[in-house]
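> Which chain is which? The protein sequence lines are P and L, in order. Heads up: the first sequence begins at 1 in the numbering used here, then just goes up one per residue. Heads up: the second sequence begins at 1 in the numbering used here, then just goes up one per residue.
Calculated directly from the structure, the hints in this document are not laboratory data. Using N, Cα and C, we set each Cβ at its ideal position, and we do this for glycine too. Among the clues, some could well be false.
To be verified - Output of the computed footprint for chain L on chain P, the stretches with three or more beta carbons under 8 angstroms from beta carbons of chain L: (1) 64-70; (2) 283-292.
As the list claims (entries may be wrong) - Label pairs and their computed distance ranges (CB to CB): (3) P:Gly331 to L:Thr376: 26 to 36 angstroms; (4) P:Glu218 to L:Gln189: 25 to 35 angstroms; (5) P:Ala305 to L:Pro94: 51 to 61 angstroms; (6) P:Ala360 to L:Ala381: 29 to 39 angstroms; (7) P:Gly296 to L:Arg150: 47 to 57 angstroms; (8) L:Arg47 to P:Asp339: 51 to 61 angstroms; (9) P:Thr52 to L:Arg47: 53 to 63 angstroms; (10) L:Asp391 to P:Gly142: 35 to 45 angstroms; (11) L:Arg150 to P:Gly331: 23 to 33 angstroms; (12) L:Phe265 to P:Thr340: 52 to 62 angstroms; (13) L:Asp290 to P:Arg246: 48 to 58 angstroms; (14) P:Ala35 to L:Leu88: 44 to 54 angstroms; (15) L:Asp391 to P:Asp79: 48 to 58 angstroms; (16) P:Arg246 to L:Arg150: 48 to 58 angstroms.
As the list claims (entries may be wrong) - Examples of chain L residues toward chain P, derived with CB under 8 angstroms: (17) Glu80; (18) Cys140; (19) Leu183; (20) Arg186; (21) Ala270; (22) Ala273.
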Amino acid sequence: MTNATPLRRPASIECRTVLADGRLAVITASRRARANRADVKCAVPGSPALATRMQQVVRLARHTEARFDSREQVVLSLDRAPPDHDRGWELAAVLADRMVRGVWQPGPAPVAAHGWSDAWHQGTAVTGSGSAAAALARALPGTLVICGMAAGGAPAGTDVLALRHLGALTGHSDPSAAISTARAWFPLHSGGVHDSLAWVEVSVAPLPLAAQGWDEEETIAVPELNATGQLAIRQALAAARHFDGRALGRWRTVVRFSETRFQGSSYELALVMADRLARGREFVPRGRLIATGCSGAWHAGRVDAVQELGAKLALIALQAAPGDRILLPEGNISGEIADTVIADVNNAIRARGATMARIARIGMI
Amino acid sequence: MFGFGKPRPAVREAPLGTALVALRVYGDVHLPPGCVELVFSAAGQARRAPHSRAGKGEIALAYHPGPYETVFAPFAGAPEIGLRLRYLADAADPRVAQQRFDLFLFSEAGEALPVDALHQATAAAVRDALAQGTLELPACTTLDEWHGFRAGLNELLYTRFGLTVDDCVPVDLGDVCDYAEQLRARAAQAADPAAAGKVGAHGEPAAAAAAAAAAAATTTTAPPGAMDAVAAAPHPVPREADASTALASPCDAAATDARALRRLFLELPAWSAGVRLLALPSGMAAARRDLLQRCALAALDVNTMPALAWSAPNRPLAAASQARRAAHSAAAVQALEQAWALLARWRLATQGAATAATAGGAMQTALSAQGGATATTACAAVQAALLDEADRLMANLTFHLAARRAVEEEPAPTASRKEPHL
Numbered sequence: 001m002t003n004a005t006p007l008r009r010p011a012s013i014e015c016r017t018v019l020a021d022g023r024l025a026v027i028t029a030s031r032r033a034r035a036n037r038a039d040v041k042c043a044v045p046g047s048p049a050l051a052t053r054m055q056q057v058v059r060l061a062r063h064t065e066a067r068f069d070s071r072e073q074v075v076l077s078l079d080r081a082p083p084d085h086d087r088g089w090e091l092a093a094v095l096a097d098r099m100v101r102g103v104w105q106p107g108p109a110p111v112a113a114h115g116w117s118d119a120w121h122q123g124t125a126v127t128g129s130g131s132a133a134a135a136l137a138r139a140l141p142g143t144l145v146i147c148g149m150a151a152g153g154a155p156a157g158t159d160v161l162a163l164r165h166l167g168a169l170t171g172h173s174d175p176s177a178a179i180s181t182a183r184a185w186f187p188l189h190s191g192g193v194h195d196s197l198a199w200v201e202v203s204v205a206p207l208p209l210a211a212q213g214w215d216e217e218e219t220i221a222v223p224e225l226n227a228t229g230q231l232a233i234r235q236a237l238a239a240a241r242h243f244d245g246r247a248l249g250r251w252r253t254v255v256r257f258s259e260t261r262f263q264g265s266s267y268e269l270a271l272v273m274a275d276r277l278a279r280g281r282e283f284v285p286r287g288r289l290i291a292t293g294c295s296g297a298w299h300a301g302r303v304d305a306v307q308e309l310g311a312k313l314a315l316i317a318l319q320a321a322p323g324d325r326i327l328l329p330e331g332n333i334s335g336e337i338a339d340t341v342i343a344d345v346n347n348a349i350r351a352r353g354a355t356m357a358r359i360a361r362i363g364m365i
Numbered sequence: 001m002f003g004f005g006k007p008r009p010a011v012r013e014a015p016l017g018t019a020l021v022a023l024r025v026y027g028d029v030h031l032p033p034g035c036v037e038l039v040f041s042a043a044g045q046a047r048r049a050p051h052s053r054a055g056k057g058e059i060a061l062a063y064h065p066g067p068y069e070t071v072f073a074p075f076a077g078a079p080e081i082g083l084r085l086r087y088l089a090d091a092a093d094p095r096v097a098q099q100r101f102d103l104f105l106f107s108e109a110g111e112a113l114p115v116d117a118l119h120q121a122t123a124a125a126v127r128d129a130l131a132q133g134t135l136e137l138p139a140c141t142t143l144d145e146w147h148g149f150r151a152g153l154n155e156l157l158y159t160r161f162g163l164t165v166d167d168c169v170p171v172d173l174g175d176v177c178d179y180a181e182q183l184r185a186r187a188a189q190a191a192d193p194a195a196a197g198k199v200g201a202h203g204e205p206a207a208a209a210a211a212a213a214a215a216a217a218t219t220t221t222a223p224p225g226a227m228d229a230v231a232a233a234p235h236p237v238p239r240e241a242d243a244s245t246a247l248a249s250p251c252d253a254a255a256t257d258a259r260a261l262r263r264l265f266l267e268l269p270a271w272s273a274g275v276r277l278l279a280l281p282s283g284m285a286a287a288r289r290d291l292l293q294r295c296a297l298a299a300l301d302v303n304t305m306p307a308l309a310w311s312a313p314n315r316p317l318a319a320a321s322q323a324r325r326a327a328h329s330a331a332a333v334q335a336l337e338q339a340w341a342l343l344a345r346w347r348l349a350t351q352g353a354a355t356a357a358t359a360g361g362a363m364q365t366a367l368s369a370q371g372g373a374t375a376t377t378a379c380a381a382v383q384a385a386l387l388d389e390a391d392r393l394m395a396n397l398t399f400h401l402a403a404r405r406a407v408e409e410e411p412a413p414t415a416s417r418k419e420p421h422l
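Next comes chain P alone, as it looks inside the complex (with noise of 0.2 angstroms):
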């Protein structure tokens, strides 16, 4: 049983944006006790007309969290006015709310933002444009950049989080999409400096009437990975829909990777799992969903070790944030130092509030 309460909660935090005339500006949030104020304080120089539409969009996508709390205020500020008409800051405010309470905990790295919406008491239909995020990677390297989902498709070639609806930020589909979107993440090892955790998403869609009977490979597509690549998912995820039994030629289906410059297939653990959960087939994680590990043989539901757990294990303990799963291979590492490694990393995952668990093969127990 773990807890929601976040652990590492900054004081204040920022989150940067970009304006419409290309300036950027910096949201600052800071959060102290309510003592019967308003939940939430905004301020723009020079248009409280504007800090008043601020307080409304926190408020409204305030609605979409299941965890209320009453006993914090938090105040929010833009350093500079955005021209008229412009609301690329809207995300900014909303996300810059989330980390000041901790509810959502994106890692060391500082945010940047890009995105507006018309239904943010739904979480949904945020949008942004693709030039505005691509400034925004530019200018600010090493940021994470997390825009809205530009009207042809999300932004290619640069590293952004493109995301239409606030669920995303864990993985989770959109309740109210006819595509059904999911992600998992999957730890990137190289060397030690530049691990990171990189993400796979999968996307079904109803198979059209025209298409029944076709082979399950031929309606999957990776359109980012070359021919080697793409044959290897196209098997994994077919022999891992023939184990679930009720999943072959039902669905058409999309699969983008974050960075596809990797070699090995331990990301097929995850990309099974974002599948399951893409097709509402698996208990859906509260944060996101993290694994690690390959199978030689899929249409079983086997589970088989990975190299390299440990640096793995290293990376993500560092990363979890409270509501995270994370799945592991269970044959990977034998005899005591099992006991002791797998002992101290889960204790630290559950301080952090996720939960761990090794498996030997996918689904219920």
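Using the hints, position chain L against chain P.
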């Protein structure tokens, strides 16, 4: 929630155990075999007695203990995997002064408690506990985690409803629910111009801002957990429509408010009695006393709550303000429900503290010297987290009760306002 305003059902052939769980009994009734009859005194004290023994001002009620079986999807995002749950109202526990199930019936059943309403209430409680992190049912659940979930579920349903879980298994809902069909329906709805016109296009900032402002007007006062209900529904409904239909008429607002205040009045003392009975570790007495004090103040706040329809003597309140007040009392009830879930978890944590300490020591065979210390610190951390959670829920309860009590002054009409001359 359970049909206060319905006409009295026909009592000749009471469908207890099939369509109804409980029914208020008037006069001569034929009850199916196995039913239990209860008589509540005016103060809410229950005794097992036939309805013919009910005195003046007493309420006679009969219920069928079950078992009842339901299947539901615990996560809105995963409609094809579900839980099959079978529960029953077990025999009375002789150790407690008031059975929890009796309190549940007295507080929430009203005239009759349909089986579907009970199923919906239990499913909502489980979904809310999962969303809050009170229960954990993660992806690829291992056997240990499943046992932990079952223990938490048993305690939750017993503490919240007084029901005993007979059986709970995960089931594949693929037969009854096709996610692909649901997605097709969503696509068709999005393609429908009537439905699409509702969504503000990004090109019109004025229209979008107006829509958002209207949404803010209806949603800022809505209960915070109403979003969960929307998220939990298999087909998401537009939130504004939901809020406006739920609280449109003042009659609805009055009924909602009356139910909510009655529940708070009856259940807050029972909750604090449960907290008083917890076997907390030493050093938490002051914190518990503080918590109980705040709970008593909240109960006092409920007992002295002003009437819904009046802002002051001889000055009626506008319908919108009444709806806002009713929404706040409903939100206070939601905080109370979460407090019941928290009490369930707290009971488990205090019961399992000693066993967990020994088990934790046994598990870490190599580090048995450290094991006890680690388990103790972990236990202290769990208790601190639970106390913080209780603090949060009590603060939310107080906040919503204060908002229910508050009278907002209507702004003066702008036409009559005079600008100062310089």
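> Checking against the hints above, which ones are violated?
Hints 7, 15, 16, 21 and 22 are the ones this structure does not satisfy, whereas the remaining hints hold.
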